[in-house]
Amino acid sequence: MPMGKLKNFLNSKIVRSDVGEETVLTWKETLSYALGRGAQGMSTSTMASGNVNYFLTNLMGLSLPFVSAVRFWTGLWDAFNDPIMGVLVDKTHTKDGKMLPYIKWAPYLCALFTFGVFLNSASFPMILRMIFAVVALVGWDMTYTAFDIPMGALAFSITSSGVERTKLFGVSSIVRAVVGAIPGAVLPIALLIPYFKVHTGYAYTATAVIAFFGIILCTRPTYRNCRERAEHNNDEPTIKECFALLLKNKPLFMLFLSNMAFLLVTVKTAVQMYFAVDLMGDAAYVTILSVALAPAPFIAGVLVPFITEKLGERADFKKMYIACCLLAALLHGLFYVTTSGSLLHLQTGEKPTVPIIILVLLFVVLTSIPLEFKNLLSKEMEAETVDYVEWKTGTRAEGIMLSLMSFTGKLTNSVSSTIGLAVLGFANYATHEDAVAVAQTVTAKNALLSCMTTIPMLGYVLMLLPILFYSINRKQHTQMMADIAARKAAKHE
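In terms of the numbering used here, the sequence shown is residues 3 to 495.
Honestly, the hints are just simulated from the structure, not real lab data. Using N, Cα and C, we set each Cβ at its ideal position, and we do this for glycine too. Hints are supplied without guarantee of correctness; some may be wrong.
Stated by the list, open to error - Using C-beta positions, here's what the derived DEER-type ranges look like:
{"#": "1", "residue 1": "Asn430", "residue 2": "Ser14", "range": "57 to 63 Å"}
{"#": "2", "residue 1": "Leu363", "residue 2": "Pro196", "range": "33 to 39 Å"}
{"#": "3", "residue 1": "Ser473", "residue 2": "Val440", "range": "47 to 53 Å"}
{"#": "4", "residue 1": "Ser473", "residue 2": "Ile309", "range": "17 to 23 Å"}
{"#": "5", "residue 1": "Phe126", "residue 2": "Glu24", "range": "55 to 61 Å"}
{"#": "6", "residue 1": "Val180", "residue 2": "Val211", "range": "16 to 22 Å"}
{"#": "7", "residue 1": "Ile359", "residue 2": "Lys9", "range": "46 to 52 Å"}
{"#": "8", "residue 1": "Val211", "residue 2": "Lys106", "range": "20 to 26 Å"}
{"#": "9", "residue 1": "Arg226", "residue 2": "Lys493", "range": "27 to 33 Å"}
{"#": "10", "residue 1": "Asn475", "residue 2": "Thr395", "range": "43 to 49 Å"}
Stated by the list, open to error - List of simulated lysine-lysine pairs, BS3-like, C-alpha gap at most 27 Å:
{"#": "11", "residue 1": "Lys30", "residue 2": "Lys97"}
{"#": "12", "residue 1": "Lys490", "residue 2": "Lys477"}
{"#": "13", "residue 1": "Lys477", "residue 2": "Lys15"}
With the sequences and hints as input, model every part of the structure.
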């Protein structure tokens, strides 16, 4: 593409049609924001529960109970410091704005601790390995929070258009999937090489090195090219006022409760490596499972904004969210029913038949699509709740509102790891060195399969209960934004 055409494209708006709302985002700003999300994807894909759990237990030699406890308590602390970070964002007032100062500096520290978690410390004495693991995990949790909360809040401030935000989330989802997969691809590709099957720790370290540089490079355009547009009160809200605003946000609490049930769904990410090695019989299946997950963010990133823009005011995020949960629950149930008979009776190191492999991959693909749809829908619903509080109180506080959802995200990540490891421990899963399968009992195999199927199914069913009480629809949101605009116009006059 000639430079002139490229420049024109980057300066053009992402939503050109009349959607009944003011649109401001260009492709340059949208892609710059999306690259920041890609940097987050690099960190989170490297720090995925399955990677961290397997690295610490099977490669660093730390016990299942110890790792389970560390993941729980460090995750719990990380979840509780999210509201602290949210308040800091809301109380920040600089020439760069509220969120951009954190986006400028936090990625450097996040990149450092992402690398630190996977520094191969197998030669250290056991007590030093334990201390190193705790320090690295706590450091990553806190620095990622300092990066994550401002990035999420920036999306709420960058535009007030629901259609535009949905498209921003869609593009960001695609870019995050692509960029985030770069370090994530190193591990499964390395495991195809015989050397890394018995020196697996070095594959994890290489992944972390790539993530280190990628996180830093991809966040620079976000800081330079994105703009905070939402108006805030000149007076910084007190801590008490921030939490008072949070308590008035009833729709957000329904999303919060739904996200708490979502922790059961994310158990499957905590055991994926174990599932590939010890149930399917070969670490190479990690590559296949990772590839099977890849299409979902692209499908959701394209279809969710397209459907939303086409439906206009008839787009009901709540109904689409419910449909996604019902479909995902059904697919996970079918996953267990159709594969358990074969997978649970495989001998150690024996690979499934081709039809079963195809069936497993099919369900991995199918279950990931409603999951990604749900993730995008919930982002816009979170943004709606920020607008709801501004409409209700006249005060806008993205940081503390987003921190509640980030709280559940961090808590579900740590608790899902704890649940997954606890289920394996209860089922007497036999830990082992590197990525070579050892004999497992039928009980342990059933636990692995359940973590991938029936436990997520239960999570989706429970998510439906609170979301039924989410009270904002598209027509109401449009009216809220019109009221807010009228209030601001009157104030300026």
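Quiz prompt | Those earlier numbered hints the structure runs against, lowest number first | solution = When the structure is compared with the hints, numbers 2, 10 turn out to be violated.
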